[in-house]
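From first to last, the protein sequence lines stand for chains A and B. At position 10 of the first sequence (counting the first as 1) the number is 10 in the working numbering, and the numbers step up by one without a gap. At position 546 of the second sequence (counting the first as 1) the number is 546 in the working numbering, and the numbers step up by one without a gap.
Hints may contain errors.
With a cut-off of at most 27 Å between alpha-carbon atoms, the simulated DSS-like pairs for lysine-lysine come out as follows [unchecked claim]: (1) A:Lys596 / B:Lys486; (2) A:Lys346 / A:Lys277; (3) B:Lys461 / B:Lys288; (4) A:Lys346 / B:Lys484; (5) A:Lys200 / A:Lys214; (6) B:Lys288 / A:Lys596; (7) A:Lys596 / B:Lys381; (8) B:Lys461 / B:Lys484; (9) A:Lys61 / B:Lys232; (10) A:Lys599 / B:Lys569; (11) A:Lys599 / B:Lys281; (12) A:Lys41 / A:Lys381; (13) A:Lys232 / B:Lys381; (14) A:Lys281 / B:Lys596; (15) A:Lys495 / B:Lys596; (16) A:Lys288 / A:Lys346; (17) B:Lys484 / B:Lys346; (18) A:Lys482 / B:Lys599; (19) B:Lys277 / B:Lys200; (20) B:Lys191 / B:Lys381.
Over the 12 Å line for every Cβ pair with chain A, so calculated as not near, a few chain B residues [stated by the list, open to error]: (21) Gly150; (22) Cys159; (23) Asp198; (24) Gly307; (25) Tyr483; (26) Ala561; (27) Val572.
Quick partial rundown of chain B residues pointing at chain A, CB under 8 Å, derived from the structure [unchecked claim]: (28) Arg248; (29) His306; (30) Gly537; (31) Tyr601; (32) Gln602; (33) Arg604.
Hints were generated in silico from the structure; no laboratory data involved. Glycine included, each C-beta is placed from N, C-alpha and C at the ideal position.
2 protein chains.
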Amino acid sequence: MSKSSWSPAELKRVRIEGGLLGERQRMILRRSIDQQYQQCKSTGRIDALKLQWKSGSDLPKPHEFWDSDIGKWIESAAYALMIEPNAELERRVDEVADLLEGAQQPDGYLNSHFSAVAPEKRFTNLRDQHELYCAGHLIEAAVAYFQATGKRKILDVLCRYVDCIDSTFGTEPGMKNGYDGHEEIELALIKLWKTTGDVKHLKLAKHFIDARGKQPHFFTQEAISRGDDPKKMWGGGYEYYQAHLPVREQSTVEGHSVRALYLFAGVADVAAATGDKPLLKACRRIFKNLTGRRMYITGGVGSTRHGERFTYDFDLPNESAYAETCASIALVFFAQRMMNIDRDGKYADAMETALYNGVLSGISLDGEKYFYANYLATDPKWHRLEGGYPAERQGWFGCACCPPNLARLIASIGMYVYSTGEDEIAVNLYANASATFELKGNRITLEQRTDYPWDETVRIKLSVAELKSFTLHLRIPGWCRKYKLKINGKKTNAKRFVKNGYASIIRTWRDGDRIELTLAMPPTRVYADPRVRHNTGRAAITRGPIVYCLEQSDNRAHLNAIVLPEKSKLRVNYESRLLGGVTTIRAKAAREKFNKGDKLYQERRPQTVGQSIKAIPYYAWANRGEGEMIVWIREG
Amino acid sequence: MSKSSWSPAELKRVRIEGGLLGERQRMILRRSIDQQYQQCKSTGRIDALKLQWKSGSDLPKPHEFWDSDIGKWIESAAYALMIEPNAELERRVDEVADLLEGAQQPDGYLNSHFSAVAPEKRFTNLRDQHELYCAGHLIEAAVAYFQATGKRKILDVLCRYVDCIDSTFGTEPGMKNGYDGHEEIELALIKLWKTTGDVKHLKLAKHFIDARGKQPHFFTQEAISRGDDPKKMWGGGYEYYQAHLPVREQSTVEGHSVRALYLFAGVADVAAATGDKPLLKACRRIFKNLTGRRMYITGGVGSTRHGERFTYDFDLPNESAYAETCASIALVFFAQRMMNIDRDGKYADAMETALYNGVLSGISLDGEKYFYANYLATDPKWHRLEGGYPAERQGWFGCACCPPNLARLIASIGMYVYSTGEDEIAVNLYANASATFELKGNRITLEQRTDYPWDETVRIKLSVAELKSFTLHLRIPGWCRKYKLKINGKKTNAKRFVKNGYASIIRTWRDGDRIELTLAMPPTRVYADPRVRHNTGRAAITRGPIVYCLEQSDNRAHLNAIVLPEKSKLRVNYESRLLGGVTTIRAKAAREKFNKGDKLYQERRPQTVGQSIKAIPYYAWANRGEGEMIVWIREG
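So that you can see chain A by itself, here it is in the shape it has in the complex:
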């Protein structure tokens, strides 16, 4: 790993209690993980590992994605166990571990779909069949459960499977010089390498990245070997699979959005691990295109449900937005890695935006319903008629990638709050999160207290066993125009510390040192580049990292008849009993009157009447029944 990169904090050593992130994490630990287990159980996903399905049997046929859901559920459970003991949960995981062990083939191969349904098709269609994607999720599960419990069973099973994969894929004669159509295993192998220390795991990850998109094209050769027409493919073209160009030559983020961002998370990992500069530069180019041209203000990405994919620069429709929950999660993964490598707050900004908006919107306040697609505007009638997903969260999905992905991210959010380096600690996100670090053998504890993102003030108390000089990096978010820093009650000129989005305080810290950081959070109107044709003439309201929206339940139907005057003041109000406690924003606005009679079109400009509007955090929408919602509000 390059010398100056940060590492995520150890999850076991971070405690988040209360506050928005703490509450969401608590809901995941208390409800979602159990609910998702029940879903995996009742839909047959877990029992599929018994490999009892046969043609004609009554059992549900194992789908090629199913192992990935098991992987993400185990990973979530492992993070939960790192946070607090739970014997019943651990017992369930151990049961699944036994099933995984039982499902492993003599040569190490492990996949409930292929082993039961189509063993002869194993590794014949990497392009479309998610085989290594499932392997990747199981590897992540294995690493997390090992870290949580020290139990090696799943880890050993997966190491054997990786040996099997490693002996199948590579550049040597007789091996498949290929890679998976749905990336995921790359970043998983890096986690495995960091756990096992076995360099072959790193090399395999690097192989999958190096081989991707090269000529002669693996997917073409593979299709010909199968006797298929290589031009006929699910994704329509190789850019769907990020295989249109070698990874090092890619500059725009293309194709299926989750795949693209899982890939570049893995690419960033490999770049950091190997010091491969062209790879790192590719990551920076991709990030720039992603956040500068193709990202919703919520951190949602992937503009269309047709292919769940990126489309083209500035194409960010609101009502038909796809912005898959998993894609925002993948953006968090990618941004976190870049933040830790480049030590730059711009990555943390994207990570925070996605987390508080496009990710959190994916789960209901009760922790048991999920959005797959996160629209930025909805007329529920339109969503019902035009296909895609309805405008209400669902309990589960046939392709159930998002729910356990949410669970594993939010359960492990402590690793995103803090990073550490050799003699440094970085606070990337603000939350009621206490954490302990070891810097060169010194134990340092940070006690963070805040009502962020509702409140502007963050207080951090340091505990150090002895005097200790190290750098404390406090993130100054990109959205923040004014901030104040006090150390031990004394005002400090914070600006002189700030570089690349962090106030980096180098100091000999004493036990009991207190920091107070105030990040001014005025409600703010934000405008999209006018090339985003969907948002011209409109403003979004934000406050701190939170993007707001108007919902029908607060503002009546026909939200696009509302005009927010340019001068209208935005007023902030914390409502403890609304939507689990949120800060709302109110303003005086106007509403256009509907035409009289049956005049659909008329020469008179619509007249207006006054209306007070109330905006709520976007992540909390659709928790009060079906209704219209908009993020981008007309200005006039």
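Given the coordinates of chain A, work out where chain B should sit on it, guided by the hints.
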């Protein structure tokens, strides 16, 4: 027919020369009809009538729609022959007539698909297989060709086919108490009845309308008879087929838009023919819902390509508009019938709007390329990615309903320009159209001279063999706020003549009487009801019946970055060399500057620079290469 209804003018007696409609008609007669014949020939549509296709043969398999294309092509050719002799064209039709005769089965049945491909499936799936729809189009062809040439061959063939249909469908025991999933035969049978005078043709039309949507449901019974699950159907539900309720009980225009409007055109015909008030009232309700809630400003209808259908009130998206050319044509058919029955200009207004905008946009200026879907805004990249049709007109379509539909409407437009009653002549549309009428044995000729819709003045000269008292109805369009009328050079207080959208002048007319009507045509901003969420904050520009749009070629890309100030003056300019000669509209506007660097979102409201904009008639868009287009322009 109810006593006071008007009838369309006889096409043979109307001559349109020059002007916009004249030019479009000339292009149809000179180019489109021939080009469409070549397409029907080269794709196998015509030769399919030889019934030589067999399973395994190299011949193209006759599609179930193909006969309808032949029908519409013959109908277009017949109208062309009414306008001017064309021996080669007539020879071609006669050849096809022989093929139709040859394709007729001993019992009268006639369908190139079923007779060649699936004779055993004849009349087993009316819901989805367009059998009577094809019959309808062939009936219309038969009537038109008989009227054009007096030749009876096609008419006799179709009368025999109608006998076969008549003996199959009805309420008597052993008959199918059903109707077609794609309406068309209803209005065709009325044309046949008016030609043959045979009341059984009227009765059959009435049967199809009376049976529709009744319980027990024909489509359900039919599906069960086939052994199909009645719930599985192409359209998703019976409203797609306008069979969700008995026709007399329908109040909102639902489902597939072409089907719906063909149906109600036929319903209006039957209501007029039988004096059936509930049927007529249903037509009025449907028209009200259609034009007051579900019609684009262009007269386009059917908001979505998913089912080519109506969606719900006020749902009129621009970029994803479907607004099929055929649907606007069907709207013209329906509106014309209602205009003639109710003698009310509001129907003529809708007819004119659809004709000059949603219909004419369907065909390129060179007469050889067609739009199936008529978007009201396009970003060509979006249309390429999101499926549907591209944003450029095409030479032909697999489902080629629109091209010959355009040809038959525009070839026969003379029948829409004028209507007549017992002692009355109505001028519904203004064009360089001379026409001759017989009113109670008196021959009256109207010579209409105008540059409408570019010029405000219409001059009509009457020729009457002897003094004659009759009513001349001159339409005062709904869009017209100021008009002046001169009779023989003398100003007349026109207002006192105006009722229901027509200035109705009762007078003893003399040979050489001259009328001059001036319809003020200022360029106008039009606003949609604010419940149309896609158009709030935007204005459309219209002038007379013409809806305007901005194209990239005149105004540069990123048309949604343009803001038209509320006070900006719209200036009119006739450009004889542009797009075949059009009046354009210019204004001073502003363009928002794009963000600098990679700031996709920023807190500063976009700054603007001045830009002159130029709007062209919507129907003429996409004749100068691919590019952006918008109808609804941001106002500020």
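Now for the hints, and whether the structure bears them out:
1. Between Lys596 of chain A and Lys486 of chain B, the direct Cα distance comes to roughly 35 Å. Violation of the 27 Å bound is thereby established for this hinted pair.
2. For the proposed pair Lys346 of chain A and Lys277 of chain A, the alpha carbon gap of about 20 Å is at most 27 Å, so the pair holds.
3. At roughly 36 Å between alpha-carbon atoms, Lys461 of chain B and Lys288 of chain B are farther apart than 27 Å, so this suggested pair is violated.
4. Taking the CA atoms of Lys346 of chain A and Lys484 of chain B, the gap is about 67 Å. The hint is violated against a cut of 27 Å.
5. A hinted pair counts as satisfied when its Cα atoms are at most 27 Å apart, and Lys200 of chain A with Lys214 of chain A qualifies at roughly 22 Å.
6. Distance check on the hinted pair: Lys288 of chain B and Lys596 of chain A sit about 13 Å apart at the alpha-carbon level, within 27 Å; holds.
7. Among the hinted pairs, Lys596 of chain A with Lys381 of chain B is inconsistent with the structure: their alpha-carbon atoms are about 38 Å apart, more than 27 Å.
8. A hinted pair counts as satisfied when its Cα atoms are at most 27 Å apart, and Lys461 of chain B with Lys484 of chain B qualifies at roughly 16 Å.
9. Among the hinted pairs, Lys61 of chain A with Lys232 of chain B is consistent with the structure: their alpha-carbon atoms are about 24 Å apart, no more than 27 Å.
10. This hinted pair checks out: Lys599 of chain A and Lys569 of chain B have alpha carbons roughly 25 Å apart, not beyond 27 Å.
11. Distance hint between Lys599 of chain A and Lys281 of chain B is fulfilled; the C-alpha atoms sit about 20 Å from each other, no more than 27 Å.
12. In summary, the hint linking Lys41 of chain A to Lys381 of chain A is not supported, as the alpha carbons are separated by about 33 Å, beyond the 27 Å threshold.
13. Of the supplied pair hints, the one linking Lys232 of chain A and Lys381 of chain B holds, its CA atoms being roughly 22 Å apart against a limit of 27 Å.
14. For a cut-off of 27 Å, the pair hint linking Lys281 of chain A to Lys596 of chain B stands: about 22 Å separates their Cα positions.
15. Between Lys495 of chain A and Lys596 of chain B the alpha-carbon distance is near 25 Å, which keeps this suggested pair within the 27 Å criterion.
16. Distance check on the hinted pair: Lys288 of chain A and Lys346 of chain A sit about 10 Å apart at the alpha-carbon level, within 27 Å; holds.
17. Of the supplied pair hints, the one linking Lys484 of chain B and Lys346 of chain B holds, its CA atoms being roughly 20 Å apart against a limit of 27 Å.
18. The suggested pairing of Lys482 of chain A with Lys599 of chain B holds, with an alpha-carbon distance near 19 Å, which does not exceed 27 Å.
19. With a C-alpha separation of about 21 Å, the suggested pair Lys277 of chain B and Lys200 of chain B falls inside the 27 Å cut-off, and the hint holds.
20. Of the supplied pair hints, the one linking Lys191 of chain B and Lys381 of chain B is violated, its CA atoms being roughly 44 Å apart against a limit of 27 Å.
21. With a least CB separation of 45 Å from chain A, Gly150 of chain B remains clear of the 12 Å interface cut-off, as annotated.
22. No Cβ of chain A comes within 12 Å of the Cβ of Cys159 of chain B; the nearest lies about 42 Å off, and the non-interface call holds.
23. The claim that Asp198 of chain B lies off the interface holds: its Cβ sits roughly 39 Å from the closest Cβ of chain A, which is beyond the 12 Å cut-off.
24. Not every C-beta of chain A lies more than 12 Å from that of Gly307 of chain B, the closest at about 9 Å, which undercuts listing it as non-interface.
25. At roughly 16 Å from the closest C-beta of chain A, the C-beta of Tyr483 of chain B stays outside 12 Å, upholding its exclusion from the interface.
26. Its beta-carbon lying about 4 Å from the closest one in chain A, Ala561 of chain B breaks the requirement of being farther than 12 Å from that chain.
27. Against the 12 Å criterion, Val572 of chain B stays outside the reach of chain A, whose nearest CB is about 16 Å from its own CB.
28. Look at Arg248 of chain B: its Cβ only gets to about 21 Å from chain A, farther than 8 Å, so that hint breaks.
29. A distance limit of 8 Å between C-beta atoms decides the matter here; for His306 of chain B the minimum to chain A is near 6 Å, and the interface restraint holds.
30. For Gly537 of chain B, the shortest C-beta to C-beta distance to chain A is roughly 5 Å, which falls under 8 Å, so the interface hint holds.
31. For Tyr601 of chain B, the interface hint holds, since its Cβ comes within 8 Å of a Cβ in chain A; the closest pair sits about 5 Å apart.
32. Below 8 Å, beta-carbon pairs count as interface contacts, and Gln602 of chain B has one with chain A at about 6 Å; its hint therefore holds.
33. Interface restraint check for Arg604 of chain B: the shortest CB-CB distance to chain A comes to about 7 Å, inside 8 Å, so the restraint holds.
In this structure, the hints that do not hold are numbers 1, 3, 4, 7, 12, 20, 24, 26, 28, in rising order.
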